[in-house]
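**Student:** Spelled out, the chains give:
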Amino acid sequence: MCGIVGLFLKNKALEPALGHHLAGMLLAMSERGPDSAGIAIYGHGSEAAGRLTLFHPDPGLDWAALAAAMKAGLGRNVGLTIKANHAILVVQGGTAPARAWLKANRPDLRVMGYGRAMDVFKDMGRPGDVAARYDLAHMGGTHGIGHTRMATESAVTTEHSHPFTAADDLCLVHNGSLSNHNRLREWLKRRGQEFETDNDTEVAARYFAHRLGEGLSLGEALEAGLKDLDGFYTFAMGTGDGFAVMRDGIACKPAMLAETDDWVAMSSEYRGLAALPGVEKARLWEPEPSKAYVWHREGGAHA
Amino acid sequence: MITVDLAETKLRELNRRLHALPPGTNERDWRLINPRGTHSIAVGLDAPIDVTIDGHVGYYCAGMNKQANITINGQCGWGVAENIMSGVVRVRGNASQSAAASGRGGLVVIEGDASARCGISMKGVDIVVGGSVGHMSAFMAQRGNLVVCGDAGADLGDSIYEANLYVAGKVASLGADCEAKPMDAKHREALKALLDRAGIKADVTRFKRYGSARKLYHFHVDHAEAY
Numbered sequence: 001m002c003g004i005v006g007l008f009l010k011n012k013a014l015e016p017a018l019g020h021h022l023a024g025m026l027l028a029m030s031e032r033g034p035d036s037a038g039i040a041i042y043g044h045g046s047e048a049a050g051r052l053t054l055f056h057p058d059p060g061l062d063w064a065a066l067a068a069a070m071k072a073g074l075g076r077n078v079g080l081t082i083k084a085n086h087a088i089l090v091v092q093g094g095t096a097p098a099r100a101w102l103k104a105n106r107p108d109l110r111v112m113g114y115g116r117a118m119d120v121f122k123d124m125g126r127p128g129d130v131a132a133r134y135d136l137a138h139m140g141g142t143h144g145i146g147h148t149r150m151a152t153e154s155a156v157t158t159e160h161s162h163p164f165t166a167a168d169d170l171c172l173v174h175n176g177s178l179s180n181h182n183r184l185r186e187w188l189k190r191r192g193q194e195f196e197t198d199n200d201t202e203v204a205a206r207y208f209a210h211r212l213g214e215g216l217s218l219g220e221a222l223e224a225g226l227k228d229l230d231g232f233y234t235f236a237m238g239t240g241d242g243f244a245v246m247r248d249g250i251a252c253k254p255a256m257l258a259e260t261d262d263w264v265a266m267s268s269e270y271r272g273l274a275a276l277p278g279v280e281k282a283r284l285w286e287p288e289p290s291k292a293y294v295w296h297r298e299g300g301a302h303a
Numbered sequence: 001m002i003t004v005d006l007a008e009t010k011l012r013e014l015n016r017r018l019h020a021l022p023p024g025t026n027e028r029d030w031r032l033i034n035p036r037g038t039h040s041i042a043v044g045l046d047a048p049i050d051v052t053i054d055g056h057v058g059y060y061c062a063g064m065n066k067q068a069n070i071t072i073n074g075q076c077g078w079g080v081a082e083n084i085m086s087g088v089v090r091v092r093g094n095a096s097q098s099a100a101a102s103g104r105g106g107l108v109v110i111e112g113d114a115s116a117r118c119g120i121s122m123k124g125v126d127i128v129v130g131g132s133v134g135h136m137s138a139f140m141a142q143r144g145n146l147v148v149c150g151d152a153g154a155d156l157g158d159s160i161y162e163a164n165l166y167v168a169g170k171v172a173s174l175g176a177d178c179e180a181k182p183m184d185a186k187h188r189e190a191l192k193a194l195l196d197r198a199g200i201k202a203d204v205t206r207f208k209r210y211g212s213a214r215k216l217y218h219f220h221v222d223h224a225e226a227y
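Chains A and B are the protein sequences, given in the same order.
Numbering of the first sequence is given in this note's numbering, commencing with residue 1 and proceeding in unit increments.
Numbering of the second sequence is given in this note's numbering, commencing with residue 1 and proceeding in unit increments.
Note that these hints are calculated values from the structure, not bench results.
Source: prediction; values computed, not measured.
Check before you lean on any hint, since a few could be wrong.
[To be verified] Simulated pairs of lysine to any residue, SDA-like, Cα-Cα distance not exceeding 25 Å:
{"no.": "1", "chain 1": "A", "residue 1": "Lys-281", "chain 2": "B", "residue 2": "Arg-31"}
{"no.": "2", "chain 1": "A", "residue 1": "Lys-253", "chain 2": "B", "residue 2": "Ser-102"}
{"no.": "3", "chain 1": "B", "residue 1": "Lys-170", "chain 2": "A", "residue 2": "Trp-285"}
{"no.": "4", "chain 1": "A", "residue 1": "Lys-103", "chain 2": "A", "residue 2": "Ala-65"}
{"no.": "5", "chain 1": "A", "residue 1": "Lys-253", "chain 2": "B", "residue 2": "His-39"}
{"no.": "6", "chain 1": "B", "residue 1": "Lys-10", "chain 2": "A", "residue 2": "Lys-103"}
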């Protein structure tokens, strides 16, 4: 069992409170996933700079020295924000040179997420503690997804926590388990995807990254997944300007969707939606099996 | 009328109060507010009382109900009225999966839609759905009636033993060993009585009846392809 949530804002006035609402949704799903929790939170981003979220288990790590070394190595400006055992680096230009530099010079650091608009925080512990550790309640943004994990398929570690990222600004959370992930992982490796864990959800994330890389739209990539992914799943996915939800054909993992003029929200259960503003007037429905639900932000940074 | 605010009262305290009602109690009219998707509200009741819940409820609401008349003014999560024995459970909104699962008696009315596996393993309960039902509804149904005023999803009545399934709209597909049955005057009368009890208006002549082809009761090699 796991809990997943997603919130996609349509009304800009709510953007400063995105983290507050997402933290409440995550907390409401604590019973479904007490082992670890994580979120991917999206802002307006910048065309000029890339963002990386890095993790290291040592709370005393000298992040400033890292940022300085990267700045010297790349010859680019590197901004630094530290959040507990995570750090956000803002690097002029794209993220690819920075990721290559990290791989060569600091393989001890784990890249949790990268892109132009997205930050990713995930760690072991109860969802309320994880949200407090990174001060999620005070983060603003345009949309976000979150996960509370009760591990069944692989170990309880920070690395195995969701969300899983697989491309610029792409993040996936999953409730369920995939049965063909080993074969699909090999198939994706042959097509150039590199893996960091043995987790089944990472396979799904890289599968969607691969399909999007082939030029499919978000909805088309999800529909391709209906054919290629075998197992149980309710997915929530974020991209730089999009938000999507899909359940497998058997639909034995729960999901609720709600929509108002101000927002679209997804949660494993209604409890995760109960505190959202105006939920009493929201259109509430259970997403149908084998159907991709996709929303895009108008004028998004990456349409 | 006794009002219980679930924002202030713990669920277990509420359920204990409802379980402790003695036979012939005068506390017969209850209203529950602020359910906010909580699971297991008003489960295991065994008293002839009226309970109205204002708002959306979580999983297993009104499970194992006996005698009580429970109305949910909202939507409900999985397994509403699971294993109902008697009494009436009415959902004014939509119901999630496995509504009235394995119910043995009583009446479950869902005025909106019910999603997948409505009436799974039903054993005597009567279910009336004002809207549509999802896939695998009445899976392994054994007794009782399922009335669907809208459409039914794929594999209706898969592996059904007995039970009458009445559907007014389209059936996406019938499950293994489920077949269309003749609709006689006695079936139309029974259907009308069910709709009247449920307080749902529908044109009886639009319904078709489905039930068991009785080929899967025992293994028979001639039916091997149907398993």
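**Student:** Straight-line Cα separation of B/Lys-10 and A/Lys-103 no greater than 25 Å?
**Tutor:** Cα-Cα ~52 Å, so violated.
**Student:** Does A/Ala-65 sit within 25 Å of A/Lys-103, going by the straight-line distance between their CA atoms?
**Tutor:** 17 Å, holds
**Student:** Holds or violated: are the alpha carbons of A/Lys-253 and B/Ser-102 at most 25 Å from each other?
**Tutor:** 20 Å, holds
**Student:** Tell me if the straight-line CA distance from A/Lys-253 to B/His-39 falls inside 25 Å.
**Tutor:** 16 Å, holds
**Student:** For B/Lys-170 and A/Trp-285, compute the direct alpha-carbon distance and say whether it is at most 25 Å.
**Tutor:** Holds, at roughly 21 Å.
**Student:** Does A/Lys-281 pair with B/Arg-31 here, judged by a C-alpha cut-off of 25 Å?
**Tutor:** 21 Å, holds
When held up to the earlier numbered hints, the structure conflicts with hint 6 and nothing else.
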